[in-house]
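Undergrad: Sequence:
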Amino acid sequence: MKISCVILTMGNRVPELDRAVESALRQTDGDVEVVIVGNGADVPELSVAAPEGSSASIKTVRLSHNTGIPAGRNRGVEECSGDVVLFLDDDGWYGATDVVSHLRERFSTEHDLAVVSFRVMDPEGGSGQRRHVPRLRAGDPERSSPVTTFLGGACAIRRSAFLQVGGLPERFFYAHEETDLAWRLLGEGYRIEYDAQ
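No gaps in the numbering here: position 94 of the sequence shown is 94 in full-length UniProt numbering, and each next residue is one more.
Please note that the accuracy of each hint is not assured.
[Unchecked claim] Each pair of labels, with its calculated beta carbon distance range: (1) A196 - K2: 23 to 31 Å; (2) D42 - E22: 13 to 21 Å; (3) E52 - T97: 26 to 34 Å.
These are calculated hints, taken from the structure and not from any lab test.
C-beta atoms are modelled at their ideal positions from N, C-alpha and C, and glycine is treated no differently.
Let's have the full structure, built from the sequences with the hints guiding it.
TA: Here it is in structure tokens:
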């Protein structure tokens, strides 16, 4: 099962983008295909590179203008080849190195699973979530549960399900596109899970 990671950037957070890309490339069960989409901006030169001797790769795409988050992410999905696509904001990163192996296991065995929404941690080390996903047991961020929406900048999506329902709605330039996609996926019988791991 091939894993891709789409990172959308405006090109103005270079150290953060470096950290995001590096965190995707250092996965222990890796060989992640990273696709960086410059949304109306040049993709800055990175200080990280794909490890030698691996099939991991970094591909960059520059869009001529800011098309909005949904259209930018849709373009990233068009450019990647993974069975599972990670969406990561350019100021986010994976704190663990087993994210890909965990996702491979879940998506390989749970065939009705369309989206895994990640736990978003406080970068200052606090115990709370940075953003809220409405769900059962929302007061316990360390407990996984089914959800009806997800955070677009910290998730993994089964590419075939994403394409089946038409991807993200590009008319939603910014915000609520995840909820629209989530409801279309749920309507097709797929599941969405908040994964606290």
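Undergrad: Among the hints numbered above, which are violated by the structure, and what are their numbers in rising order?
TA: 3
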